[in-house]
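For reference, the chains in residue letters:
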Amino acid sequence: MRHRTFFWFFLPTGLAMLLFIAFPIVSVLVQSVFTTHEAVLVEVENCGPFGCTVETAVDHDATAAKRAAEPLGRFVGLSVYLDRGHLAVTEIAEQWHASSGLGDFISRTQNLPFYRAITFTLTFTFLVTPLLIALGLVVALSVNSLHRRLKGLAIFFSLLPMIVTPLIGSLILFWMVDSRGILGSFIQYMADDPSLSLKASTSLTWIMLIVYGVWHSAPFAFVVFYAGLQTVPSDQIEAARIDGANRLLVVRHVIVPHLMPLVTFVALIQLMDNFRVLEPLVGFNAQAHAQSISLLILNDLSGETQQLSSASATSVLTILGVAILLLPVLVRTWQDFKGKK
Amino acid sequence: MSSKALRPPMPLRLTIYGFVSIWLFMAAFPFIWTLWGSFKVELDFFSIADWTNAIFGRNTQDTYGTAFTGAGYHGAWVQEEFWRAVINTAIVCVCVVLTSLTIGTLGGYALSRSGYRYTFWLLILALIFRAMPPVTLVAGYMLPFFEWNVWGILPTTIVVLVAINQPFTLWMLHSFFQNIPKELDESAKVDGCTQFQAFRHVIIPVMWPGVITTGLFSFLLAYNDFVVTSMLLSEQNRTMVPEIAAFLGTTYTEGNVMFAVAAVVSATAPLFVLVLFFQRQIVSGLTAGAVKG
Numbered sequence: 007m008r009h010r011t012f013f014w015f016f017l018p019t020g021l022a023m024l025l026f027i028a029f030p031i032v033s034v035l036v037q038s039v040f041t042t043h044e045a046v047l048v049e050v051e052n053c054g055p056f057g058c059t060v061e062t063a064v065d066h067d068a069t070a071a072k073r074a075a076e077p078l079g080r081f082v083g084l085s086v087y088l089d090r091g092h093l094a095v096t097e098i099a100e101q102w103h104a105s106s107g108l109g110d111f112i113s114r115t116q117n118l119p120f121y122r123a124i125t126f127t128l129t130f131t132f133l134v135t136p137l138l139i140a141l142g143l144v145v146a147l148s149v150n151s152l153h154r155r156l157k158g159l160a161i162f163f164s165l166l167p168m169i170v171t172p173l174i175g176s177l178i179l180f181w182m183v184d185s186r187g188i189l190g191s192f193i194q195y196m197a198d199d200p201s202l203s204l205k206a207s208t209s210l211t212w213i214m215l216i217v218y219g220v221w222h223s224a225p226f227a228f229v230v231f232y233a234g235l236q237t238v239p240s241d242q243i244e245a246a247r248i249d250g251a252n253r254l255l256v257v258r259h260v261i262v263p264h265l266m267p268l269v270t271f272v273a274l275i276q277l278m279d280n281f282r283v284l285e286p287l288v289g290f291n292a293q294a295h296a297q298s299i300s301l302l303i304l305n306d307l308s309g310e311t312q313q314l315s316s317a318s319a320t321s322v323l324t325i326l327g328v329a330i331l332l333l334p335v336l337v338r339t340w341q342d343f344k345g346k347k
Numbered sequence: 068m069s070s071k072a073l074r075p076p077m078p079l080r081l082t083i084y085g086f087v088s089i090w091l092f093m094a095a096f097p098f099i100w101t102l103w104g105s106f107k108v109e110l111d112f113f114s115i116a117d118w119t120n121a122i123f124g125r126n127t128q129d130t131y132g133t134a135f136t137g138a139g140y141h142g143a144w145v146q147e148e149f150w151r152a153v154i155n156t157a158i159v160c161v162c163v164v165l166t167s168l169t170i171g172t173l174g175g176y177a178l179s180r181s182g183y184r185y186t187f188w189l190l191i192l193a194l195i196f197r198a199m200p201p202v203t204l205v206a207g208y209m210l211p212f213f214e215w216n217v218w219g220i221l222p223t224t225i226v227v228l229v230a231i232n233q234p235f236t237l238w239m240l241h242s243f244f245q246n247i248p249k250e251l252d253e254s255a256k257v258d259g260c261t262q263f264q265a266f267r268h269v270i271i272p273v274m275w276p277g278v279i280t281t282g283l284f285s286f287l288l289a290y291n292d293f294v295v296t297s298m299l300l301s302e303q304n305r306t307m308v309p310e311i312a313a314f315l316g317t318t319y320t321e322g323n324v325m326f327a328v329a330a331v332v333s334a335t336a337p338l339f340v341l342v343l344f345f346q347r348q349i350v351s352g353l354t355a356g357a358v359k360g
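First to last, the protein sequences are chains A and B.
Per this note's numbering, the first sequence starts with residue 7, numbered consecutively.
Per this note's numbering, the second sequence starts with residue 68, numbered consecutively.
For the record, the hints were derived by calculation from the structure and aren't laboratory data.
Do not take every clue at face value.
[Stated by the list, open to error] Partner residues aside, some chain A positions facing chain B, computed with beta carbon under 8 Å:
(1) A160
(2) I174
(3) F226
Idealized CB from N, CA, C, for every residue including glycine.
Using the sequences provided together with the hints, build the complete structure.
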């Protein structure tokens, strides 16, 4: 295909991505180093029966006019990144000196919004991803050994948690684990504690969110592994069996190595998706106990006054996080590409 | 399993059946339970006294005379005008799927047929864009959209969703077009077709399975999106998901949780139908990217 033809074929999709993905990234970068203009102050002289006093007051008209004329605001450099709402450099330094050890330091950082959010986001990402891979693998192995008729049915029901809108899925589970819902009542009965409420405890909320994450994403791993299992050469399995390997050893030494590329693929996709965890926190109404980076951005944007520069700074930090997660993959792709040449 | 020797022994088979049953119960039960409960009153759906109330609907019986009531649905669809959100969702989804397939097909086809080095870099770039959480882009949209006065309307959201959809669509269609032999359009070109004519008359007739699969995923992305629709749509233009999120704020205070439950069930129903009819395509789409690696 000639360059010209390629250009015209690719133009619409390229333009869409350029305008609505690449430009916004630049725009976010720019916004993060600007902040809204400070209020314009004027000195007003108030004269009363007891003499005159000079007061400073906010000139609302002038402030509004200035902000409307330059919606981007004034240049502040990296100060938004370093303030208390984001990297909180000064607070972190203070707490580092005040803390007695690493555990103490981490618990002290939990009152800073960004560190609180990143703690939950990373915990969520790195607990949910391996758990869902394990669950997906076991389900795939089990379903694969079912009767042919049952497989279709099993796949249909297994797809449901993944297909359903994340917000809706989390709401459905949230209503069930409500202390008056069926799961909530069941847990109270099992724990023999009628006042137990999952919503009231931070650690239980985290567990609930992680269980939701695994429930929601395990079907994806299941489907991918199930498809991979169809391509495992049966003569290899038979050979291993004849050589005396039991089923567990066959799974360990024949099937899992065969599925390894798929495991990497699922892990990569799920790391990216779990890192942006947001909907379950909204659905479970769990903001009091857990914050994620995405939720910080959403809160900044949907508040009474939109804090664009704060949201942008968090966005840039998130993009950096994603880049770090993606880096190994990119390096490997690059090496493959170089190897091919 | 083909060989008899590989059939699992009885205890293992029982364990497998047990495990699969537990998993299927976990996967399906929440939906069945919520569907059943959506026809009850709140006191039955959240029953403090006795959990069997949620099954037999004693309080619903007391209030309405029957064990099932459509009051939640009436409240959501008529009183809270959920139908507006449904229409908006339909518009958004149809437009997003059509637009993103049209431009994605052209782009994916071009990527699969051009042998130059830059296709590799474009695909890598698309992969990086795919990894961007949409929420990080939203902050970038706000200021220009307000300035140009296009915030809050459906077309803006459609265009944004199409763009966010493109990286994924490109990857899927690219790998799909790679499986269509190049000889097909090469021979058409030898016969005197231009590249576009070859695409139009030779490729389009054979590309539908892949396009339908990709379309399903575009639909799911548009249908399930929460971040973009909730941030970029004004109150009267909301689609279903942000509407449900907005319900949460109002219904918890007014005690109309059943409205939200009914809305949630209404929004889940189309997805059920989708899985029912397109299960094969969904499974093949999920695995297409994976097996290629």
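Hints, verified against the model:
{"no.": "1", "hint": "A160", "result": "6 Å, holds"}
{"no.": "2", "hint": "I174", "result": "5 Å, holds"}
{"no.": "3", "hint": "F226", "result": "7 Å, holds"}
Checked against the numbered hints above, the structure violates none of them.
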